[in-house]
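Residue numbers (the working numbering): 304 to 531.
Hints are supplied without guarantee of correctness; some may be wrong.
As the list claims (entries may be wrong) - Here are the simulated lysine-lysine pairs, BS3-like style, with alpha carbons at most 30 Å apart: (1) K351 / K434; (2) K378 / K350; (3) K517 / K527; (4) K407 / K527; (5) K378 / K331; (6) K527 / K398; (7) K331 / K351; (8) K339 / K305; (9) K434 / K376; (10) K376 / K351; (11) K348 / K378; (12) K331 / K431; (13) K502 / K523; (14) K502 / K527; (15) K505 / K494; (16) K494 / K516; (17) K517 / K502; (18) K523 / K494; (19) K378 / K389; (20) K376 / K398; (21) K434 / K350; (22) K348 / K326; (23) K326 / K305.
Said to hold, decoys possible - Between beta-carbon pairs, the in silico distance windows are: (24) R355 / L490: 38 to 48 Å; (25) T401 / R372: 44 to 54 Å; (26) F492 / R355: 55 to 65 Å.
To be clear, the hints were calculated from the coordinates, so they are not data collected in a lab. For glycine and all other residues, C-beta sits at the position ideal for the given N, C-alpha and C.
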Amino acid sequence: MKFHFLTIFPDMIESYLGEAILKRASLKGAISFDVKNIRDYSLDKHKKVDERPYGGGPGMVMTPEPILRTYSKLKLRSSASKSEVKVVMLSPSGKLFTNAMAAKMAKQYSDIVFICGRYEGVDDRVRKILKADEISVGDFVLTGGELPALIMTDAICRQIPGVLGDHASVEENRTASPRVFTRPEILEFPKTTKTIKGKKHKVPPVLISGDHKKIEEWRKTQQKSKKI
Numbered sequence: 304m305k306f307h308f309l310t311i312f313p314d315m316i317e318s319y320l321g322e323a324i325l326k327r328a329s330l331k332g333a334i335s336f337d338v339k340n341i342r343d344y345s346l347d348k349h350k351k352v353d354e355r356p357y358g359g360g361p362g363m364v365m366t367p368e369p370i371l372r373t374y375s376k377l378k379l380r381s382s383a384s385k386s387e388v389k390v391v392m393l394s395p396s397g398k399l400f401t402n403a404m405a406a407k408m409a410k411q412y413s414d415i416v417f418i419c420g421r422y423e424g425v426d427d428r429v430r431k432i433l434k435a436d437e438i439s440v441g442d443f444v445l446t447g448g449e450l451p452a453l454i455m456t457d458a459i460c461r462q463i464p465g466v467l468g469d470h471a472s473v474e475e476n477r478t479a480s481p482r483v484f485t486r487p488e489i490l491e492f493p494k495t496t497k498t499i500k501g502k503k504h505k506v507p508p509v510l511i512s513g514d515h516k517k518i519e520e521w522r523k524t525q526q527k528s529k530k531i
């Protein structure tokens, strides 16, 4: 799968993609990325990409031409039909992104194109022309679409075989507890603040019992209650 990012802040995208699991998966060829700076496709001598909104109001709106020119330069997979290319506009008013949506997108599309808006948003004609879906990562407003695009990319990539190395690492394929523990079995940490009190903290006995059936039951219980 190939992920395309249309942004005016390419460094924000590239810094995240150049680390950890996503970088390793890219080097292996399991996924690929293309980050394009929308300003590079502005015909304005100052590389301007925004204008005042029609109808008045605060802020600026991203103009359509630079975004559409950027999109036209994308190298989508040669075998990709329109149904295999997903164009996403990040918007707090869009439909809520979920893990189920991530899994579906990982299977359905060869290319995902993120249009990372800024300011008061993107001229709506871009959405209509590119038949883009508006998607939100939560009931809050951010300063731009770069972070939501990266959140979606991370979640989708985890669903692609070869990205995590062991596909069993995908939580929904197993019973994953929100409470996890590792060595040492007994943690003794000196009292340093009101929060960190000097006492022994033990791993739940069931996890060191060796009884895999009981461990699985404990994990299911923790998954439902999400309580320590």
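To see whether the hints hold, each was checked on the structure:
Using a Cα cut-off of 30 Å, the hinted pair K351 and K434 holds, with the two alpha carbons roughly 24 Å apart. Simply put, K378 and K350 have alpha-carbon atoms about 23 Å apart, close enough for the 30 Å limit, and the pair holds. Between K517 and K527, the direct Cα distance comes to roughly 15 Å. Compliance with the 30 Å bound is thereby established for this hinted pair. Of the supplied pair hints, the one linking K407 and K527 holds, its CA atoms being roughly 24 Å apart against a limit of 30 Å.
The straight-line distance between the Cα atoms of K378 and K331 is roughly 20 Å, inside the 30 Å bound, and the hint therefore holds. The hinted pair formed by K527 and K398 meets the criterion: a straight-line CA distance of about 26 Å does not exceed 30 Å. Among the hinted pairs, K331 with K351 is inconsistent with the structure: their alpha-carbon atoms are about 37 Å apart, more than 30 Å. A C-alpha spacing of about 13 Å is found between K339 and K305, which places the hinted pair at or below 30 Å, so the restraint holds.
For the proposed pair K434 and K376, the alpha carbon gap of about 17 Å is at most 30 Å, so the pair holds. Annotation: proposed proximity of K376 to K351 holds, straight-line Cα distance about 19 Å (limit 30 Å). Under the criterion of a C-alpha separation no larger than 30 Å, the hint pairing K348 with K378 is consistent with the structure, at around 26 Å. A C-alpha spacing of about 36 Å is found between K331 and K431, which places the hinted pair above 30 Å, so the restraint is violated.
Of the pairs offered as hints, the one joining K502 and K523 holds, with about 28 Å between alpha carbons and a cut-off of 30 Å not exceeded. With a CA separation close to 28 Å, the supplied pair K502 and K527 stays within the 30 Å bound. For the proposed pair K505 and K494, the alpha carbon gap of about 16 Å is at most 30 Å, so the pair holds. For the suggested pair K494 and K516, the alpha carbons sit about 37 Å apart, so the restraint of at most 30 Å is broken.
As the CA atoms of K517 and K502 are separated by approximately 27 Å, the hinted pair is consistent with the 30 Å bound. Taken as a hint, the K523 and K494 pair is broken in the structure, with Cα atoms around 33 Å apart against an allowance of 30 Å. With a C-alpha separation of about 14 Å, the suggested pair K378 and K389 falls inside the 30 Å cut-off, and the hint holds. Note on K376 and K398: the hinted pairing holds, with a Cα-Cα distance of about 28 Å set against a maximum of 30 Å.
Using a Cα cut-off of 30 Å, the hinted pair K434 and K350 holds, with the two alpha carbons roughly 26 Å apart. For the proposed pair K348 and K326, the alpha carbon gap of about 35 Å is over 30 Å, so the pair is violated. Using a Cα cut-off of 30 Å, the hinted pair K326 and K305 holds, with the two alpha carbons roughly 13 Å apart. In this structure the supplied range 38 to 48 Å is violated for R355 paired with L490, their Cβ-Cβ distance being about 58 Å.
Our hint of 44 to 54 Å for T401 and R372 is violated, since their Cβ atoms are close to 32 Å apart. Our hint of 55 to 65 Å for F492 and R355 holds, since their Cβ atoms are close to 57 Å apart.
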